[in-house]
Amino acid sequence: MMRLSVSALLLVFLLTSVLPTVSAQKVEEISDFRINVELNGNAHIRYDITIKNLIDNPVVPGIGEIRLQKVRPLKVGILPIPFTERRMPVKVENLKVYSRDKVFKSSVVEKGDYTAIIYEIWYPVEPGKTLNFTVEYDADIVDSGLLFKTVTIPVGTDIDIKKLEITVNSDWNLCYADPKPSGSNPTWQGSIPKGGIAFYTAEFSVLPLPILPVRGYIVFWGSLLVIIVILAIIGLRRK
Amino acid sequence: MRGWRSGGIGLSALIIALIITIINTSAAPLDVSIEERINTTAEYDGTGFSYTTDVTGFINITNTGSDDIYGVWVAVDLDNIVSTPSKVFDNSSSGAYLYTSLPAAVPDSVKKNLNTTGADYFIRIPHLRPKEKVSYFYDVDDSALGIANSAPFLIDEKYNVTKIPANKDVAWTVYFNISLSTSFFSNIGIANPSVNMNIYKYLSNDPKYYGSGNWTSLGPISVLSNNKGTASTANGGWGTVDPDELDVTGIKLNTTAPTNDEVNITFEVQGKNNGGNGAVYYLDKFGFAALEFTFDGNVSGAKVVDVFAYGNASIAVNKSGPFKGNNGEWTIWKGNATVKNTASGLTYVLRNVTLYATSTGSFTNIIAGPTEEKPNQKLQPSSSYKTSDIAVNYTSVPVIWANATFKLIKDTGQGWYANSTTVNEYNATYNSRYVVIEKIYVIGSYLIKVTKYVQANASAGNNVFDVKLVVENLGGQTSPYVYVYDMIPENFSEYDWNNNWMDARNDGNWIDKPQMYAGNGTGTPMNGYDKAYYWRLDPLAGGANGDGQASPTEIQNNQSVIIFYQMQGSGEFRVLDAFLVGIDPMLSMNEQTSPKITVVSGSAASSYESVMALLTGIAGLVAVVTYRKRS
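Chains A and E are the protein sequences, given in the same order. Position 177 of the first sequence, counting from 1, maps to 173 under the working numbering, and the rest follow consecutively. Plus 1128 on top of the position in the second sequence (first one is 1) and you've got the working numbering.
Careful, some of the hints might be misleading.
No farther apart than 25 Å at their CA atoms in a straight line, the calculated lysine to aspartate or glutamate pairs in the DMTMM-like style are these [claimed, not checked]:
1) A:Lys101 - E:Glu1457
2) A:Lys92 - A:Glu81
3) A:Lys158 - E:Asp1666
4) A:Lys159 - A:Glu81
5) A:Lys48 - E:Asp1173
6) A:Lys107 - E:Asp1666
One side only, chain A facing chain E, incomplete, derived with CB under 10 Å [as the list claims (entries may be wrong)]:
7) Lys66
8) Leu91
9) Trp168
Calculated from the structure, these hints are not laboratory results. As the structure is a prediction and not an experimental result, all values here were calculated from the model. Even glycine gets a Cβ: it sits at the ideal position worked out from N, Cα and C.
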């Protein structure tokens, strides 16, 4: 289900710039990480994160950070230039970090070419126990076109993610997903080891297209272009 | 120290010589041994040990007795090897030859007396004199056996600290555990392994010998303790302060009792690491352990199926006659054979003796016989077997022939015997190629340590306790902001607090020095605690000595900070519950340090729909314009 892509290199630096845990043993892991993305207008993203204490002493998670970055091609007007890229921070709004009735201190900071969501959890996690919390925000991560909109989500951490589930929902029709999803709305499950990164792509269309093996916008616009050329050639010959 | 190393090698050579002597004195005259050698590297990767194992084997055929041995055939079953065995040693008189099947020319006397069931290789040595030896080498298919990344002995090594600061002379305790891998032994079919082991632990700052040049000082090894074997220290030669070697010898591991399958060794190491040119942190090698071991059986499942061989013997034919036959003619001749074991230390089993007679002129003209006897009788040295007579009715003088088939018995004293052992691959420098590479985290930047003291304060009031949190930066660089968290147990309450942490040493809550205070807050405590606090401290300068005390100088230099508060117990309070403290950031001596969890996400654009749409639009426009112009 999870696919480690070569293009992950685009965002790997965000992880490699993070110091990994210096410990003879693993202190914590993300035992459950559920990501839900609603693609209606701006993207609404919700993380349900479960941190598990792996050691024999209580652990206070303290400060955590979620780094967000967009990778986009350079543009001339509204036209993207293939094979180019630029990295930029993600515009984050309506941030909330909470766990049931507790609201955690959180903030958004733009740091050069990425955005950091910083939260503080000063609640101890007892040995072997877990702590659940939720992060919600709106972000401009949707790649919108005329008839299609796409979201490609990279996910990685500096500790193990034992169970990962990503769901992307939209009121448009799902026409392409990578890796291949199990349902009409893409839901992916897997795990990511410490330092790993995975990419998940979903494309939706306003057109009633079925789920395609290749990107829907290529199929649609490519077919239209071929038809126009063929009709033009036929028309010119008849003349 | 190098001189001792030579002495050590000499001692090792002596021990090996003694072992060889013991083997020689107990080995059969025709000794066939399968010896497999394990070459394993176990390397610590920060969370545990990873193993790389390579097993090789030798088939050694040695005449350890005092008699010449002839016609040796050894049938072996080698299922899990990579390629055809190769001859690596041969000082036999005749040379040795390897076959993948028994050649057709092999006489029936051998074929009928050599069990070849399951054998896939056959070694032939026509003549093997005393002390002569033939060795064939084979490489075990570790991957096919599933042992390439496992090992017969599992390593568990822990330290009393999870990391040490750079540029500081520090000591840490090593808890070294070696246990039998029951799954490994089970996989190779050894249900109840019995292992003899010696462990040689070396400190090393030599990169050629599993060390790191970052250690400006390494050694000594001290404060030994072990639950099996005999421990002693020595001067290994790769540390900087002697003794830098720990030997634990005479260890016996088996599975007959729950604690018999492991050995625990504890020792203290002292060292000073230069920080690796300012690296933030790294896992640095500080030496290795070499395991010397032996156990019965082998890894690959190699077997000696059977051996055929014989030594010196004599066969004598006695012919008598002529005797008068029933027809009154003197045409009856009689003959018998005597087979004698003329070897001095070999016993044979006499399978058969055949007698027949030919005419004088043509030896292929059989005129009587053959008559075969199958005594299946042991022939000890100097003993003999005499057949019964055969009678030949022949008018001339016949030639009476006899031949015998006898083979060396399977016996450790006067025959052939096969044994199988597995040992470590030998290394002349450090005894064994079963190597455990040891590493410890060295923090080259900052390293925070928090020590908590809880002490009754009788002068302040009943059940009043002073709580002091000493925060130190042992590292060489300035830390980021430091968060210290603490919890007040149930049935305790804050005492003499004015919630002003800047008034050092004036009441029941303060921080020294106050200028380092950068805020505090509360959290929700876990079960058993009433309050949870955290304090934010300005970055601490590096260089504290890490003794858990904050000296005035360290406080003055911002290397150490004291967080102090008082609490008062009431009812059934438990002071023990107060011994809990936590810290953030991650480069900390405290185990309960929580790493800063960083999640990376965002989006990557990969749609060029607008480009495709534009191209389609342009194509349509061009087509329409062209069509109109043409029409």
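(request) Tell me, in ascending order, the numbers of any earlier hints that this structure violates. (result) Hints 1, 2, 3, 4, 8 and 9 not satisfied by this model.
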